[in-house]
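Dock chain B with the ligands against the given chain A, drawing on the hints supplied.
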Amino acid sequence: MELTGAEILVRSLKEEGVKHLFGYPGGAVLHIYDALYQQEDVKHVLVRHEQAATHAADGYARSTGKAGVALVTSGPGATNAVTGIATAYMDSIPMVVITGQVFTNMIGNDAFQEVDSIGITRPCVKHNFLVKDVADLAETIKKAFYIATTGRPGPVVIDLPKDVTAAKAEFNYPKEISMRSYNPVVEGHIGQIKRAVTMMLSARRPIFYTGGGVVLGRGAAELTELAQQLNYPVTNTLMGLGAYPATDKQFLGMLGMHGTYEANMTMHHCDVLIAIGARFDDRVTGNIEKFCPHAKIIHVDIDPSSISKNVKVDVPIVGSVTNVLQEMIAMLKEGDKKPDEQAIGDWWKQITEWRGADCLKYDTESGKVKPQQVIEALYRETNGDAYVTSDVGQHQMWAAQYYKFDKPYRWINSGGLGTMGFGLPAAMGVQFAHPDATVACVTGEGSIQMCIQELSTCLQYSLPIKIVALNNRYLGMVRQWQEFFYDGRYAMSYMDALPDFVKLAESYGHVGMRIENPADVDGAMEEAMKLKDRLVFMDFVTDSEENVYPMIPAGAGLNEMILV
Amino acid sequence: MENEAGALSRVAGLFSARGYNIESLTVAPTEDPSLSRMTVVTSGSEEIIEQITKQLNKLIDVVKLVNLSEDEHIEREMALIKVKAVGEAREEYKRLADIFNGRIIDVTEASYTIELTDSGDRIVEFIAAINADQIIEIVRSGVSGIARGEKSLHS
Ligand SMILES: Cc1cc2nc3c(=O)[nH]c(=O)nc-3n(C[C@H](O)[C@H](O)[C@H](O)COP(=O)(O)OP(=O)(O)OC[C@H]3O[C@@H](n4cnc5c(N)ncnc54)[C@H](O)[C@@H]3O)c2cc1C
Ligand SMILES: Cc1ncc(C[n+]2csc(CCOP(=O)(O)OP(=O)(O)O)c2C)c(N)n1
Ligand SMILES: [Mg+2]
Numbered sequence: 006m007e008l009t010g011a012e013i014l015v016r017s018l019k020e021e022g023v024k025h026l027f028g029y030p031g032g033a034v035l036h037i038y039d040a041l042y043q044q045e046d047v048k049h050v051l052v053r054h055e056q057a058a059t060h061a062a063d064g065y066a067r068s069t070g071k072a073g074v075a076l077v078t079s080g081p082g083a084t085n086a087v088t089g090i091a092t093a094y095m096d097s098i099p100m101v102v103i104t105g106q107v108f109t110n111m112i113g114n115d116a117f118q119e120v121d122s123i124g125i126t127r128p129c130v131k132h133n134f135l136v137k138d139v140a141d142l143a144e145t146i147k148k149a150f151y152i153a154t155t156g157r158p159g160p161v162v163i164d165l166p167k168d169v170t171a172a173k174a175e176f177n178y179p180k181e182i183s184m185r186s187y188n189p190v191v192e193g194h195i196g197q198i199k200r201a202v203t204m205m206l207s208a209r210r211p212i213f214y215t216g217g218g219v220v221l222g223r224g225a226a227e228l229t230e231l232a233q234q235l236n237y238p239v240t241n242t243l244m245g246l247g248a249y250p251a252t253d254k255q256f257l258g259m260l261g262m263h264g265t266y267e268a269n270m271t272m273h274h275c276d277v278l279i280a281i282g283a284r285f286d287d288r289v290t291g292n293i294e295k296f297c298p299h300a301k302i303i304h305v306d307i308d309p310s311s312i313s314k315n316v317k318v319d320v321p322i323v324g325s326v327t328n329v330l331q332e333m334i335a336m337l338k339e340g341d342k343k344p345d346e347q348a349i350g351d352w353w354k355q356i357t358e359w360r361g362a363d364c365l366k367y368d369t370e371s372g373k374v375k376p377q378q379v380i381e382a383l384y385r386e387t388n389g390d391a392y393v394t395s396d397v398g399q400h401q402m403w404a405a406q407y408y409k410f411d412k413p414y415r416w417i418n419s420g421g422l423g424t425m426g427f428g429l430p431a432a433m434g435v436q437f438a439h440p441d442a443t444v445a446c447v448t449g450e451g452s453i454q455m456c457i458q459e460l461s462t463c464l465q466y467s468l469p470i471k472i473v474a475l476n477n478r479y480l481g482m483v484r485q486w487q488e489f490f491y492d493g494r495y496a497m498s499y500m501d502a503l504p505d506f507v508k509l510a511e512s513y514g515h516v517g518m519r520i521e522n523p524a525d526v527d528g529a530m531e532e533a534m535k536l537k538d539r540l541v542f543m544d545f546v547t548d549s550e551e552n553v554y555p556m557i558p559a560g561a562g563l564n565e566m567i568l569v
Numbered sequence: 677m678e679n680e681a682g683a684l685s686r687v688a689g690l691f692s693a694r695g696y697n698i699e700s701l702t703v704a705p706t707e708d709p710s711l712s713r714m715t716v717v718t719s720g721s722e723e724i725i726e727q728i729t730k731q732l733n734k735l736i737d738v739v740k741l742v743n744l745s746e747d748e749h750i751e752r753e754m755a756l757i758k759v760k761a762v763g764e765a766r767e768e769y770k771r772l773a774d775i776f777n778g779r780i781i782d783v784t785e786a787s788y789t790i791e792l793t794d795s796g797d798r799i800v801e802f803i804a805a806i807n808a809d810q811i812i813e814i815v816r817s818g819v820s821g822i823a824r825g826e827k828s829l830h831s
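Residue numbers (the working numbering), protein chains in the order written: chain A, 6 to 569; chain B, 677 to 831.
Chain A extracted, bound-state conformation (with noise of 0.2 Å):
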């Protein structure tokens, strides 16, 4: 039988197992809505700005593996997405969406709504897709499914003429796909695997440096088996934490600006790096020139063009982190080879006394709402089971150091991208995909301005998120920069008139709360707890000149850390 592209379309993502759809009707896209309409299956989640439907999918894709789904119309449909598509390229997430276009036959003329959308997104994303002939529609929306999904995953943007949406063609959906173009490598190359484990043993001094490549590739069990097979250190990147359990005893804390000092310590005397999906990013390795001077450097990924881009390494290794690091367990265990016990055993020695300096232990006694006590609270409270989205700045960080993961896909936060109005629309798709799950959501008071609007998408949906606001009436992390390479010049950072987010979130239909005094912290967080099927907005009145420590400063090696 004959479908129309709009029908086609809906199919194809049913067959892709598609449950939620994020998206914003317009002109373009109605013959999308309309066949929307007429079926149960894919469930399209109205948003309340395109931005918040690209954050949404790529919350849903990190918190399940999955790729995410976003549907917006042409012109101002697509440039909004484009924030989110941008984000989530940065972070490597799967991710689908697709725009509204006008007619074929208008393109090029400044028809209305009309942008070029592939030109837009062409250095943002994975790959696009500009659809002329319906009879290629089903194909390539398994194709686009399979490339967000599979070697180094990202968004794929479809561009949809309205005309295609309404023309007819038999509907088949492939089930394989193969691309002569395009054929990630997955396993890795055995022999240099065995150097790889070979320099591993012969480490005096090693780490475990491993990324958000681990949690993309699903590799945290393994991560984890290797690891303690060794009893090395694991640090991990802000992508990373989860992905080895934050409250093992081997582990670290994060690592780069806002590292522990005993993580970049440790990395900066290492002897054996051992870099896990992870791409060298400069807020990891601080100034090049002075990074990890005395090590040989493992590194396993997934996309050569991670490999050497920063830090030439010794021993690269191309393919996914299970594969790998299967390999490598298997190795070591066939092996008669062990590491040196006593050069280890002095390695945790040095380690411990890093550990000493208690690098995030924070003023108690301040009579003030500390954040870092927020986010203690949020992880006691939540048994450090929830899944914790983030928006970007000082919160982001604190909720980095301070909540404890233990599994991969619970941290959710724009890293690469570092986008503001993140936290809530994530918090959305995670909510979705995990109903009965806490999702909390970690913000500031500028960064939930930026998609505050997402309050009515909540409540519309009774998604009972806990926004946890550390609001220190600063863009802090700005002022931070400011306090210490500006003289204190707080140009632009003082966040002024701010709304009441009682009042605010009272408004949207939720729970308000606001919480002044260092001792309501732990019952408030509570109370908000047991509000199981509400949205409750978490007011923190923090203190407003509160610090990131450690910190690494602009041009410093990873041992130059400023500390509290």
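Quick caveat, the hints were computed from the structure, so don't treat them as lab data. A quick note: this is a predicted structure, and the numbers were derived from the prediction, not measured. You may find that some hints are simply not true.
Below, a sample of chain A positions facing chain B; criterion: calculated Cβ distance under 7 Å [as the list claims (entries may be wrong)]:
| # | residue |
| --- | --- |
| 1 | Pro-128 |
| 2 | His-132 |
| 3 | Arg-185 |
| 4 | Tyr-187 |
| 5 | Ser-310 |
Derived Cβ-Cβ restraints for the label pairs, each shown as a range [to be verified]:
| # | chain 1 | residue 1 | chain 2 | residue 2 | range |
| --- | --- | --- | --- | --- | --- |
| 6 | A | Pro-558 | B | Glu-801 | 48 to 58 Å |
| 7 | A | Gln-458 | B | Glu-746 | 52 to 62 Å |
| 8 | B | Thr-706 | A | Glu-144 | 18 to 28 Å |
| 9 | B | Ser-710 | A | Gly-124 | 18 to 28 Å |
| 10 | A | Met-6 | B | Gly-682 | 28 to 38 Å |
| 11 | A | Gly-560 | B | Gly-695 | 19 to 29 Å |
| 12 | A | Trp-486 | B | Gly-720 | 31 to 41 Å |
| 13 | A | Arg-288 | B | Ile-698 | 26 to 36 Å |
| 14 | B | Val-800 | A | Gly-32 | 49 to 59 Å |
| 15 | B | Ser-685 | A | Phe-108 | 18 to 28 Å |
For each residue, glycine too, the CB sits at the ideal point set by N, CA and C.
Using the frame of chain A, we list chain B with the ligands on its own:
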């Protein structure tokens, strides 16, 4: 590369977005109409060339990539050079064109248009041999390259 609309702009976009140099770029369909072949001439340190190679390979439309300069290869570029040609200069340009294996393909009372197909370097040499103020206009096609011997992109 896949012979798809947009493939060219992906390559061009990659070079500008990542700040790589493009010295020249040529593209046209091949013996297989679903594929087109592009020759890009670029420059950079060893690390940069490695990154360019990896980044290009990552583009979904790129089917196969070789670094021709790693092996023996042939480069050819075509140039059309229009010069002022009056009086003695007419003979001189004819001789010069002969020396470089060029051909005069258009003649007027006051001008010649010379076609020259050779490596980029030879074309530069030819142009250098002409007095700059005698040049009316130059069009260069950019370099196309192919491996020497039986090797091909298919092998
Ligand atoms: C305000 C702010 C402060 C920040 N401070 C810090 C900080 O102090 N410390 C810090 O670490 N970060 C910090 N970041 C985040 C930083 O900008 C980067 O986003 C982050 O460091 C990158 O993490 P990653 O290296 O794990 O790479 P990701 O971006 O997670 O990339 C994953 C890598 O894994 C690879 N990969 C994907 N799938 C697989 C697979 N299946 N198998 C193998 N490899 C795979 C990819 O190719 C890629 O190279 C900060 C961000 C912000 C906004
Ligand atoms: C969309 C966007 N604009 C600007 C920035 C730059 N920026 C990074 S952190 C920050 C301040 C965030 O303020 P707030 O949400 O209150 O968080 P705080 O740092 O105070 O915890 C700003 C403006 C950004 N990351 N994203
Ligand atoms: Mg703030």
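Hints and how they fare:
1. A hinted interface residue such as Pro-128 (chain A) counts as satisfied when its beta carbon comes closer than 7 Å to some beta carbon of chain B; here the least separation is about 5 Å, so the hint holds.
2. Nearest Cβ of chain B to the Cβ of His-132 (chain A): about 4 Å, under the 7 Å cut. The hint holds.
3. Annotation: Arg-185 (chain A) was flagged as interfacial toward chain B, and the flag holds, the nearest CB pair being 6 Å apart, inside 7 Å.
4. Against a cut-off of 7 Å between C-beta atoms, the interface hint on Tyr-187 (chain A) holds, since the closest Cβ of chain B lies about 5 Å away.
5. Among the interface hints, the one on Ser-310 (chain A) holds; its C-beta lies about 4 Å from the nearest C-beta in chain B, closer than the 7 Å criterion.
6. At about 52 Å, the CB distance of Pro-558 (chain A) to Glu-801 (chain B) agrees with the hint of 48 to 58 Å.
7. Look at Gln-458 (chain A) against Glu-746 (chain B): about 55 Å separates their beta carbons, and that is inside 52 to 62 Å.
8. Our hint of 18 to 28 Å for Thr-706 (chain B) and Glu-144 (chain A) holds, since their Cβ atoms are close to 23 Å apart.
9. One distance hint, 18 to 28 Å for the beta-carbon pair Ser-710 (chain B) and Gly-124 (chain A), holds here, with the actual separation near 23 Å.
10. Met-6 (chain A) and Gly-682 (chain B) have their C-beta atoms about 32 Å apart, which keeps the hinted 28 to 38 Å range intact.
11. Distance hint check: the CB atoms of Gly-560 (chain A) and Gly-695 (chain B) are about 21 Å apart, consistent with the given range 19 to 29 Å.
12. Range check, Trp-486 (chain A) to Gly-720 (chain B): about 33 Å between beta-carbon atoms, so the 31 to 41 Å window is met.
13. At about 30 Å, the beta-carbon gap between Arg-288 (chain A) and Ile-698 (chain B) stays in the expected band of 26 to 36 Å.
14. In this structure, Val-800 (chain B) and Gly-32 (chain A) meet the distance hint of 49 to 59 Å, their C-beta atoms being roughly 54 Å apart.
15. Range check, Ser-685 (chain B) to Phe-108 (chain A): about 22 Å between beta-carbon atoms, so the 18 to 28 Å window is met.
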